[in-house]
Amino acid sequence: MSQYWAPTASLENLRARAEMLATIRTYFAEQTVLEVDTPSLSSSANTDLNIDSIGAHYQGPSASADGALYLHTSPEFPMKRLLASGCGAIYQICKVFRDGECGRYHNPEFSLLEWYRPNFDQHALMADVDELINLVLGSSTTTLRKLTYQQAFIGQVGFDPLTAETTTLQHCAQQHGINVVGLEGAANDEWLDLLMDQVVIPSLGDGRVFIYDYPASQASLARLDPNDNRFAQRFELYINGIELANGFHELTDASLQRQRFENDNIKRQYASKPTMPIDENFIAALEAGLPDCAGVALGLDRLLMLKVGASNIAQVLAFPFNKA
Amino acid sequence: MAKYSTNEFRGGLKLMIDGDPYSIVENEIVKPGKGQAFNRVKVRNLKTGRVIDRTYKSGESVDAADVMDTEMQYLYNDGEFWYFMDPESFEQLGADKTAVGDAMKWLKEQDTYEVTLWNGEPLSVTPPNFTVLKVTETDPGERGDTSGGGGKPATLETGAVVRVPLFIDIDELIKVDTRTAEYVSRAKKS
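Taken in sequence, the protein lines are chains A and B.
Using our numbering, the letters of the first sequence correspond one by one to residues 16 to 339.
Using our numbering, the letters of the second sequence correspond one by one to residues 1261 to 1450.
Check before you lean on any hint, since a few could be wrong.
To be verified - Covered, in the sense of this in silico footprint (three residues per stretch, anywhere, with C-beta under 8 Å from a C-beta of chain A), are these stretches of chain B:
hint, stretch
1, 1282 to 1291
2, 1312 to 1321
3, 1387 to 1394
Said to hold, decoys possible - Under the rule of at most 30 Å between Cα atoms (straight-line distance), these lysine-lysine pairs were calculated in the DSSO-like manner:
hint, chain 1, residue 1, chain 2, residue 2
4, A, Lys-288, B, Lys-1357
5, A, Lys-288, B, Lys-1274
6, B, Lys-1302, A, Lys-288
7, B, Lys-1274, A, Lys-322
8, B, Lys-1294, A, Lys-161
9, B, Lys-1317, A, Lys-288
10, B, Lys-1263, A, Lys-282
11, B, Lys-1317, A, Lys-282
12, B, Lys-1368, A, Lys-338
What the hints contain is simulated information worked out from the structure, not anything from laboratory work.
Backbone N, C-alpha and C fix where the C-beta goes; we use that ideal spot for every residue, glycine too.
Chain A extracted, bound-state conformation:
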């Protein structure tokens, strides 16, 4: 039995983490992508319905009236403010925090690599991500697969996710042995999330697969396809069925961005969740002008899990949440 105070990761895995971080920093240094460092605490927060912030409190000099702060769920907003200031390509490696996420592949605080490339679209950024993954995991032995969200659904479960009725989605879950409690009257997107994660992705098997052109309803901070506004220029990378990275051809329109934040908060109210203070500094930066760019966030703990063949995130963390 290991001692309670002792790390859950082996020394070998801790070394593998250091090596992975060095590889990543070398890659970006060679490409003259600048490493940056932005705040983890802010009085504004992510409004996303399904991403909950962990609150914090500050008192003392410069405190706001109520002292309420949030730990960031990603460094996206301040990094885009840097981009708007004309810094060019940037990356950051930092800890981010998400409430309610703890499990085999989740730790409430985890290491994120986020980077932005001016003048890249989602496809150029996917190629960039793939190159970096090659350096960390070794070149892929299978050919790189890229599927649109729609193609993935049609190919694996035989229906179009954009036009499917809710009953089709329910039936599909049932057929695959997924008996769901709590999705009565839920929006199609909730069913699609479940089917994507539990049916479509597992059926694609091992190896790397990029899913792109997400439904506009799941655009998040991605721009919509100017030729077909049913789709958002957003992609996700899955390796061996594990969700590893999420990228956008970034939305640069300040008023559209504000609308999305406000819609998020309306959805939060519907779900009886607290609404989140919108980041006005970020909106102001968009108004000043965010250069055309694509950005991606990649979970480093999961990348390390793949590198060392770990089956639980605790095996790659010195001290997971319940031992912190």
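Please build the complex by placing chain B on the supplied structure of chain A, with the hints as guidance.
Then chain B, alone, in the frame of chain A:
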């Protein structure tokens, strides 16, 4: 009725599902980065032993099953029920054939067993992993062959039949693993 939130889910937690009591075998959190979180669980029906999958939207509440494990002494069988007694309250409960199940062949009067109660009624009976029982019937030992290679069947005082080495005789006490129904060793006379 007590309820559990999905945040409280862990192995061994007892839930009510479709009117039956279940125990969580496995609980896995599923959460796409920008999607809804779910708990995918494997649960065992405590009446039938069958394991099924269920997926709960995280944040849902589920009714708790009023199930508890108690140590009870086995008293006797009247042909229909097997009677157990709580050693502290001396309360007696009758367990039917379904509840007793496979434990039937290990039940020895006065010995203690784990009785799982649901709403106060016996749901299942679990014998200790190892039990010591007397051999009541077996062919005479064959002294020439002590390798124990093949062994021979022996009937125990509770009616269970296990394979024992050839050197075991009638009236000897043996230690048996009740999970596999296998002979472990000779046991000293108590």
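Problem set entry | Numbers of the earlier hints that this structure fails to satisfy, in rising order | Hint check: 3, 4, 7 and 12 fail, others pass.
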